[in-house]
Amino acid sequence: MKNIIRLFMLSLITVMFFMGCEDPVKTKADFQQNYVLNSVIRGDTSFQVATVLKNYDVPGLDPNVNTQSQFIEGSIIRLWYKDTVYFMRDSLVFDPVVHRYDDPYKFYYIDGFRPDAGSYIEIEALLPNGKRLSSSTRLPERINFSEDSDYLIPPENRKTVTIRWKTERNGLMFLPRLTLRYNQIVGGVEVAKTVIVPAQFLNRNGVTDPYYPQASKETGIVYEFSAIDKVLQDISAEDENKGNFEIIHLYLEIATFDENLTSYYSSTNNIVNEYSIRLDELDVTNIDGGLGIFCSYIKNGVVIYFDELYIKKYGYKLGTN
Amino acid sequence: MPKYFLLFLLLSSGVIFAQPTGKIRGKITDKNTGEILAYGNVFIEELKKGTSSDQNGYFIFTGIPSGKTYTLHVSYVSYESKSLKAQVLPNKITQIDFELEPVQIEMQTIEKVGEKIIRENETDIGLQRITVRELEMMPKGVETDIFRSLQYMPGVRTTGDVSARYYVRGGGSDQNLVLLNNTTVYNPFHALGMFSVIDPEIINNLEFYKGGFTAEFGSRLSSVLKIITKDGNKNSFSGKASSSYLSGKLLLQGPIPGGSFILSGRKSYANEILKKFLNNKRAPFDFHDLSFKVNYADADFIPGAKFEVHGFLSNDKLLNDDPLKEDFGWTNNLVGFKWFHVYDSPLFSEFDVSLSRFSGEVIPNLSTTNPKENVVNDISLRSEFTYIFDSKDEINTGIHIKSINTKLFQLNQRGVPTDINNTAANLALFFKYKFLRYKQVGLDLGMRYNLAGLNKNGSGFPEPRISATYRLNDNIAIKGAWGIYQQEMTTLTNENEVISLFEPWVITPDYLSPSRSIHYIIGLQTRFFETISFDIEGYIKKTQNLPDLNRDKIYSTDPDLVAGRGDAYGWEFLLKYQDDPLNISAAYTLSWAYKEINDWVYYPKYDSRHAVNLSLEYNIGSGWIASAIWLYNTGIPFTQILGYYDKMYLTNIYNQGLGGTYYQPYSILANINGGRLPEYHRLDLSLSKKFIFGPLKIDIDFSILNVYDRKNIFYYERDTGEIVNMLPFLPTATVQVEI
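Read top to bottom, the protein sequences are chains A and B.
Counting in my numbering, the first sequence runs from 1 upward without gaps.
Counting in my numbering, the second sequence runs from 1001 upward without gaps.
The set of hints was computed from the structure by calculation and includes no laboratory data.
Just so you know, nobody snuck in bad clues.
FRET-style restraints, in silico, Cβ to Cβ:
no., chain 1, residue 1, chain 2, residue 2, range
1, A, G220, B, D1419, 10 to 20 Å
2, B, P1559, A, N183, 51 to 61 Å
3, B, K1317, A, T160, 25 to 35 Å
4, A, R204, B, P1731, 28 to 38 Å
5, A, P59, B, W1592, 26 to 36 Å
6, B, F1237, A, T160, 51 to 61 Å
7, B, K1317, A, R204, 17 to 27 Å
8, B, P1559, A, K193, 43 to 53 Å
9, A, G118, B, P1417, 18 to 28 Å
10, B, E1373, A, R204, 21 to 31 Å
11, A, Q233, B, A1241, 55 to 65 Å
Listed next, the in silico BS3-like pairs over lysine-lysine satisfying Cα-Cα at most 27 Å (straight line):
no., chain 1, residue 1, chain 2, residue 2
12, A, K217, B, K1553
13, B, K1553, A, K166
14, A, K26, B, K1711
15, A, K28, B, K1711
16, A, K217, B, K1407
17, B, K1325, A, K217
18, B, K1325, A, K230
19, B, K1325, A, K159
20, B, K1542, B, K1456
None of these values were measured; they are calculated from a predicted model.
Glycine residues also receive a C-beta, built at the ideal position from the N, C-alpha and C atoms.
All chains should be built: construct the whole structure from the sequences, respecting the hints.
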């Protein structure tokens, strides 16, 4: 019996010895050159930007070791809009915020190009090697704010401020931003100021942090009244003379994403969850002949007024809108 | 037609030309607890005939020449064998029950009487029966886990140490049916699939079909795991407490008038060990499960009847206590009633009614996690009859009715919602005839027929099944099975999500047909020596209408699923040496699995060409038992990287100019699953000691997982290139105390 056990253990150890040798794993398939076109057309500005990049490989598996910008210069980028062709120019800027390489951040741009809501735009990038990348987008229509919203502060329920809107297309994403506009007398001079109002303040581990709304497909946004209250208090935290403050109004902007930006934003900003592990993340693209995104968004806004008595509670004045 | 049927029955009964015969029926139970002992060997010495007890502990011999007294031997692993005399009267059933006494801790001898004769024509290809003792012998690891135990079998695959999810013969994990006391469990996992929800302490026995399962089982394509829980101690009250690194357990059982009860609960209390499974990531899991069963049998009430009420509740929570992080929760709630009846004739019947509910939810709070909600409500009625002829042949027929409601809300990666709320009923009839009258031949002919399907294309679909055995001689049997199988529910998950919270179930939408498989299985069983068996099984499984997640879903009106097909085939070899105090088994699997989705053929993530499982168990004596298991398989597929590009991310689109975006490296993937991870292997050791200390029975187990700290690769982190390994060297211990 002992012999059987010895034989088994010997076999086991022998097998383990051979199995202990590591085999090299081919983690990468053969590299193939790809090209990337990115451009987000903004309906609220006449300055539009695009980038054209190429893909790359690195030794090993950590792509962060790459220190070379992959921007492709010399491309011809054309935009077709309402029977007119527009050309983008190339430029560069030193901005470490948008660029992790040492060399300047390069981009293509066009000034004076502000498309209308609902309009159709095509783009084509002709690369120096003759490769073409193309795509199209339709700017979304502007939303219509609903009457059943809270346009006066304080709201009736004194808990939340709810603004709703309607849209012609379902399934698009919206990103709200609420701004408090006020004037402050600084050194005898009236200065116009703004502050972004969070949807609520969160208390996490004893620290109070503002929470700003995320892009979502909800056709409404709820702000906690206490958050507005706190922002109104905080603006004069360093100025005891409350009479220096003149509150104008709140301004709610809604950025409406087109369907391409909606898909792209969802895929890049929403995670499955913190614990699930997915090995094949979806790479959303609408670029024919390459990767990247050509998309658009448009903004419109609505004014939310303050009740004078409410503003006077803080010692502020209510300004004219 | 009726006269042919009558002739068929008369021929089947085998009584026309036979001498007067009688029957012997009995039940095998544990003498101390009254717990039924399934799969015990029963052998009639004078006739050299044998059989085994079924999952209810019953055995029956028919066609026994009457007017004589026979000696019946009963043997069971870890119990003292017992012999009793039984007199057989013409056309009567002689009832003879066996109460077996467990052997002393110091001498756990195994005696198997007439093993060759008992298994001579059994139509059991693809079937693995596991007793509680066999479960106990496996390395416990962090928790004893029945699903992890299945992974030691040839033909059963996993995609990593982290998950208890299993894949059988090239089928997806949602193609495995898990039945707990005949009730379907939909997501039987705790903690991201790391452990099964079913506490092994409550299990009496389990049957595991790797394919070719017979007509009484439906609704899944690949495998069936049928778990029967314990009845509880019928003789005295007892309690058992145990503790591991992860959870504490308490089990209470005892007699009630006319029956017994058992109640078991488990609660997690520490999460530190889970970091080993999650690449050192903290996961604040909190889970518990509760199981109970009450049985009642009183001859004065209804002779021959046994009633059971059983229930199972499990609850998992993952609460981050942070409004910027998501929370999770999922529950399984099962309750059922069973009426088992033994008639004066060799007829058994079972009637079940049960409710199984699964609900799972991802609550995003203020995080950017997508919400998810899934609910499954399954109400089932089941009625089955088994009649055993004097010829040993059996008829088994029944009706299964299910009413199922599934709700699912989730967003895909594009943010497009899936919102499904579907209710449907399934009515299935089955009929099965087992030819067992000839010693050399066993034939199980069955048909399952869906009168009404959950999916509108699933109605009127016949599922014929055949399982056959031909014994060439005392030592060699050839076995085979063929069958058609239909599945009308599916999980809506990305198969490349190697760790997922739960798999959301839906009824297969009507725009697809239910998935259907054909199994072809052939096997050879040899037993040239009483202590050595060697089995070979080969299989082919072809699947049509295989649902897969539609990765191109852009609009909410686009379908969530697309249909593909799957092929799997392979060979499994199993060598067993069993001679107390040593048990050795060696298994080798050679297999292939393919999927074809959208005209693209690829290997699914559970495809591995070669797998070797070696296990050794040695009864040292004095309550000491040592075991070792070594697992090896060639690498599983993964998707290689083609290169990288700097992907644009939008941080604040209100920021005019360039500041609202940033760029970060992103990998471009090659064709799905085109690469192979390195080979996987791991050695687990276990040493356990049972001893009695005063009134206490104590069981201590020490296990070491991955003894030589093999760095088995789980996956590559795409963004950083980090290699994430599976379980490292991990020593664990469990203590169990029984009063």
